[in-house]
Amino acid sequence: MFVLRMLLLLGLYALGLNALEVTVCDCEQASQKGILQFSDEDCQPEKNENRTNAVNYSVYTEKREELKFPGYICARWKQIKHITTSFFGQKVVLPDKIALETSPLECLLMYESRRCNEQPMTINDNKFFYDQEPVEDGWWLETVTVETINCAVKKIQLYQETEGESFSTPLGIAPATAGSISHNHLTLIWDKTFTVKSEPKARLVESGVAIIITTGKSNKFRMHDEEKELEFHIQITNKRCLPPLTTCDVKADAFDVIGQSKLYIFTTPIIPKNSSLEEGSRKRPVLKEDA
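Here the sequence shown stands for residues -19 to -1, 1 to 272, numbered as in mature numbering (1 follows the signal peptide of the UniProt record, and there is no 0).
No lab work stands behind these hints: they were computed from the structure.
You may find that some hints are simply not true.
Cross-link-like lysine to aspartate or glutamate pairs, in silico, DMTMM-like; alpha carbons within 25 angstroms at most [to be verified]:
no.	residue 1	residue 2
1	Lys59	Glu146
2	Lys201	Asp234
3	Lys136	Glu187
4	Lys201	Asp77
5	Lys209	Glu46
6	Lys182	Glu82
7	Lys135	Asp106
8	Lys49	Glu128
9	Lys72	Glu128
10	Lys62	Asp112
11	Lys173	Glu146
12	Lys178	Glu82
13	Lys62	Asp106
14	Lys198	Asp237
15	Lys182	Glu146
16	Lys78	Glu46
17	Lys220	Asp106
So the derived label-pair ranges between C-beta atoms look like this [as the list claims (entries may be wrong)]:
no.	residue 1	residue 2	range
18	Asp234	Glu187	56 to 64 angstroms
19	Cys222	Glu146	19 to 27 angstroms
20	Tyr140	Glu210	27 to 35 angstroms
21	Leu75	Leu152	25 to 33 angstroms
22	Glu123	Val177	40 to 48 angstroms
23	Glu114	Thr143	45 to 53 angstroms
24	Thr196	Ile251	15 to 23 angstroms
25	Ala233	Asn165	18 to 26 angstroms
26	Ser242	Asn165	53 to 61 angstroms
27	Ser94	Ser67	41 to 49 angstroms
28	Ile252	Glu187	18 to 26 angstroms
Every value quoted in this text rests on a predicted model; they were computed, and no experiment measured them.
We put the beta carbon where it would ideally sit given N, CA and C, even for glycine.
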């Protein structure tokens, strides 16, 4: 029995020693292992050997910007009363209202004259209206019908995104050349000189300083404006007249913006201060690929 107890104590002592055993690792020469091993040369960023030119640029479009212009919604209605007088003088009044059609000409006259059937309209901000109840006492043992015509004109703001194209209105989609649209006894009119297509005019969209970078593809480049964080993919196009001219004898080189058919760009090279200004540098540059 004594021997058994001694063996048990020795076993517990041995377990205690193993629990305190630690392993120390040297990590100074650690290396990461993976499926693929690359040398330092393979991990270096690719060098950009493309040519760059610094330029002042101007982006133009002949697309007119979204236009805001006034419109006028007109409405007319007939206010009716049927008045019946009984034997004892009691009056029974039955009101009624009927919407009336309003032509574009009637709407225009209402707005310009501020009158409704020769009656002056009340002006309240962007709304003109005439709203009166017909007046009549009626006749004994008879039914009398009396009526009056009321009007309202409201000035609203309309929007057209693209010149010469249909646009949304409170009464539905309106043709650009119509000048009016009617729906549910309401008539909307506007000055169609705002919405019809006119002669194209160049409009400045953006300008700044950028670098033009060759891409390795014939006549195609990247133009990067670091300050404004803009980048355009451009290509050489036919010569154009410098804005604001639309016709000219001498045209300048220009770039089209790839994917934006309505945009084109003129550039002027930036000449370093230590370089002489040659006559040829005054022209708009046309970049060419390296041979």
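Evaluation of the provided hints:
For a cut-off of 25 angstroms, the pair hint linking Lys59 to Glu146 is broken: about 36 angstroms separates their Cα positions. With a CA separation close to 14 angstroms, the supplied pair Lys201 and Asp234 stays within the 25 angstroms bound. A distance of roughly 34 angstroms separates the Cα atoms of Lys136 and Glu187; the hinted pair therefore is violated under the 25 angstroms criterion. Annotation: proposed proximity of Lys201 to Asp77 is violated, straight-line Cα distance about 72 angstroms (limit 25 angstroms).
Pair hint Lys209 plus Glu46 holds up; C-alpha atoms about 21 angstroms apart against a cutoff of 25 angstroms. Distance check on the hinted pair: Lys182 and Glu82 sit about 40 angstroms apart at the alpha-carbon level, beyond 25 angstroms; violated. Only pairs whose Cα atoms come within 25 angstroms are accepted, and Lys135 paired with Asp106 is accepted, the gap being roughly 9 angstroms. Proximity of Lys49 to Glu128 is assessed by CA-CA distance (about 39 angstroms); at most 25 angstroms being required, the pair is judged violated.
At most 25 angstroms may separate the alpha-carbon atoms for a hinted pair to count; Lys72 and Glu128 meet this at roughly 17 angstroms. Only pairs whose Cα atoms come within 25 angstroms are accepted, and Lys62 paired with Asp112 is accepted, the gap being roughly 14 angstroms. Between the alpha carbons of Lys173 and Glu146 the distance comes to roughly 12 angstroms, so the proposed pair stays at or under 25 angstroms and holds. Simply put, Lys178 and Glu82 have alpha-carbon atoms about 30 angstroms apart, too far for the 25 angstroms limit, and the pair is violated.
A hinted pair counts as satisfied when its Cα atoms are at most 25 angstroms apart, and Lys62 with Asp106 does not qualify at roughly 30 angstroms. Between Lys198 and Asp237, the direct Cα distance comes to roughly 15 angstroms. Compliance with the 25 angstroms bound is thereby established for this hinted pair. At most 25 angstroms may separate the alpha-carbon atoms for a hinted pair to count; Lys182 and Glu146 meet this at roughly 17 angstroms. Between Lys78 and Glu46 the alpha-carbon distance is near 44 angstroms, which puts this suggested pair outside the 25 angstroms criterion.
For a cut-off of 25 angstroms, the pair hint linking Lys220 to Asp106 is broken: about 51 angstroms separates their Cα positions. A beta carbon spacing of about 19 angstroms between Asp234 and Glu187 contradicts the range 56 to 64 angstroms that was offered as a hint. At about 25 angstroms, the beta-carbon gap between Cys222 and Glu146 stays in the expected band of 19 to 27 angstroms. Between Tyr140 and Glu210 the CB atoms are about 29 angstroms apart, so this pair conforms to the stated range of 27 to 35 angstroms.
Between Leu75 and Leu152 the Cβ separation comes to about 32 angstroms, which falls inside the hinted range of 25 to 33 angstroms. In this structure, Glu123 and Val177 break the distance hint of 40 to 48 angstroms, their C-beta atoms being roughly 56 angstroms apart. As the Cβ distance of Glu114 to Thr143 is approximately 46 angstroms, the hint placing it in 45 to 53 angstroms holds. Take Thr196 and Ile251: their Cβ atoms lie about 20 angstroms apart, and the range 15 to 23 angstroms holds.
For the pair Ala233 and Asn165, the beta carbons lie near 54 angstroms from each other, so the given range of 18 to 26 angstroms is not met. A beta carbon spacing of about 39 angstroms between Ser242 and Asn165 contradicts the range 53 to 61 angstroms that was offered as a hint. Separated by about 43 angstroms at the C-beta atoms, Ser94 and Ser67 satisfy the suggested range of 41 to 49 angstroms. In this structure, Ile252 and Glu187 meet the distance hint of 18 to 26 angstroms, their C-beta atoms being roughly 22 angstroms apart.
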